[in-house]
Amino acid sequence: MSAAEPVGPWHLALVGNPNCGKTALFNALTGSRQKVANYPGVTVERKSGQFQTPSGRSVHLLDLPGTYSLRARSPDEQVTRDAVLGKLAGESAPDMLLCVADATNLRIALRLVLELKKVGRPMMLALNMIDIARKRGFEFDLDRLSEELGIPVVTSTAVRRGGVEDLVGRMDALIAAPPAKAAAGTWAVPTASELRATQREADRILAAAVKAPGRPDTLTGRLDTVLLHPVFGIVILLAVLFVMFQAVFTWAQPAMEGIKAGFEALGALVQAYLPEGLLQSFVQDGVIAGVGSVLVFLPQIVILFFFILVLEDLGYLARAAFLMDRVMGGAGLHGRAFIPLLSSFACAIPGIMATRVIDNRRDRLTTILVAPLMTCSARIPVYVLIISAFVPDEEVLGLFSLQGLVMFGLYAIGIASALLVSFVAKRLFWRDHPTEPFMLELPDYKLPRPKSVLIGLYTKAMMFLKRAGTTIFSMMVLIWFLASFPRPPEGATEPAIDYSLAAWIGKALEPITAPIGFDWHINVALVPGMAAREVAVAALGTVYAIEGGAEAADKIGATLAQSWSLATALALLAWYIFAPQCASTLAVIRRETGGWRWMAVSFGYMIALAYAAAFVTYNVTRLLAAG
Amino acid sequence: MAHVFPDVQTVAALSASASPLPLGTARRGFCGRIDAIAATGHAAGLPAGELESRLLELGFVEGARVEILHEGTFGRDPIAVRVNDATIALRRREAMAILVS
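So the sequence lines, in the order shown, correspond to chains W and V.
Per UniProt numbering, the first sequence starts with residue 1, numbered consecutively.
Per UniProt numbering, the second sequence starts with residue 1, numbered consecutively.
Just so you know, these hints were derived from the structure itself, not from any lab.
Nothing here was measured: the structure is a model prediction, and the numbers come from that model.
Mixed in with the good hints there might be a few duds.
Said to hold, decoys possible - Just so you have them, the derived chain W footprint on chain V, three or more residues with Cβ under 8 Å:
no., segment
1, 67–75
2, 89–101
Said to hold, decoys possible - Here are some, though not all, of the chain V residues that point toward chain W, as calculated from beta-carbon distances under 10 Å:
no., residue
3, L21
4, P22
5, A26
6, G29
7, I37
8, N84
Glycine included, every Cβ here is placed at the ideal spot set by N, Cα and C.
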């Protein structure tokens, strides 16, 4: 055996400013060989992957959250600091730091490089997007830069094929002879005067090694003249949002119909081949109908995240935050809350997780509190079901469909109440605390790399499927169980479900829900609807299917129109705008806020609003109908 | 109270002394250089030291060239500022701590 050949993977950690193209570089290096998880205890995304050097050595790559400094003000930045310092629990200390910098925007990045040197780990600098920089007229003296910084400097272009060859090609040499440690681990939280001194040093190095073209990126400048224009900017943003939601609802339709048809065919197959009885009922009504009712949202989630990922990679999301900051600020929210709240239209869970971009804890808590009020896609099937059953399919002014207008109204009420609640929360909880500053870099516009977007989409889809496959599926089995047991006695005359546990729970809740017009059928659906809102539709289907046979489930809308009054239907819509009908969201709130308290606050205020809204809607509708 | 807003006299005194003026009061198209980062308690919700550090980390260092490129739709707030080669968006309230001439 040759002596002391190291066999374990070489650990490389990616560090850099936000928007330096770090994630694109990570995707280019690792491709699909990456794993997304959470760091234990905190909900910071941990992205790791592998790639091979030309000699076949395997390199383990850890993508750390972007930061301007190791001073760590948010949980994300704490992860970066601890990982870089080798103090992150359960993570091996990196063998080398790969600092990534946008070659067109080196000034702030070089200050971070100088700060990172003090950590005392071998490190190298990758000048990313080097092709764009050169095309724009930047000239780099790479040897001089490397000499001044005292670390190896490579170039990369994450968005071009072969753009990481320089980097990968030098890995073997770097692993064999790692660059010397630049300093002996003397990093400490820098003071203001140290920050000034390192920035001056960075400016000096920049002046010595890089020749800038003299004028900034003209394309970005020209685009911003329009896109950040006080009037056109807002108009364009609204148009972008309109196209996005239009796409979520219309483009997804064929795929959703396909998924639905597929599961129906599967159910029919089961019905044909399994003997009638408990097993058939479990597989068809419990498993297949349950999984199908959740999977049907996958197309919408994929389309929404497609827009979010593309807009983010383009650099437009930061502009959207700029345009919306004042509006959000008026409601006591941070401009950065725009992105999490936008994501909450798909699902509050990624939205709440995305609040990590907000540094300040109070601003973050406010955003987390209101995120579940944004109309998530899980509410859509409930809305669609009730609207198509109770709102006539008419045209208003020969232009808009009445059903569409009602849907729009439900969205608008959700947004308005989110702004109102945050306005109140800010004054109720944090009256004496000042608001967090809004400071954000506006990166130059860049064309997104399709592969990077695809990888991002794949990760989001898998996250959703995992959730659908675990929480929601098990709740569907539970509701099936509650609706099927105990079995009706021999010679029973009533429908089977009248003898089940579900009916018992629903009836027990009836005194509480009678003032808002909900009978026990609805209660049976609302209880498992706590697992996830969309489950309520499937549960109503289960309740009516078990009661009235398979045809009733097919025509559930028609069945509801017969069994519910208009007041009940509208009250249920009002309930659904506010109700905390999603255990996963509550679980994420608990995890993100680090305790039961804010989860309890969310649950309490939402259920109070829901009950009040349903109560008012039910009684007003009845009065109007009677009058 | 954790913060105090700039009283009228302070702002008037700053503007009266002609040159260094807070970036937060400048209009779109303003070009100049940073004279000082003076984050006193008045400027924002953050403790002065923290605001100073954050501004420094985003490249707002004495001597840097600044230009106001864009203003927000409502109340001309926030502003997009070109700092040497980077563009940073921030609210006028925080920009009050950046003295320019």
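Outcome of the hint check:
no.	hint	in the structure
1	67–75	holds (count 7)
2	89–101	holds (count 5)
3	L21	violated, 20 Å
4	P22	violated, 15 Å
5	A26	violated, 17 Å
6	G29	violated, 12 Å
7	I37	holds, 8 Å
8	N84	holds, 5 Å
This entry does not satisfy hints 3, 4, 5 and 6, going by the numbered hints stated previously.
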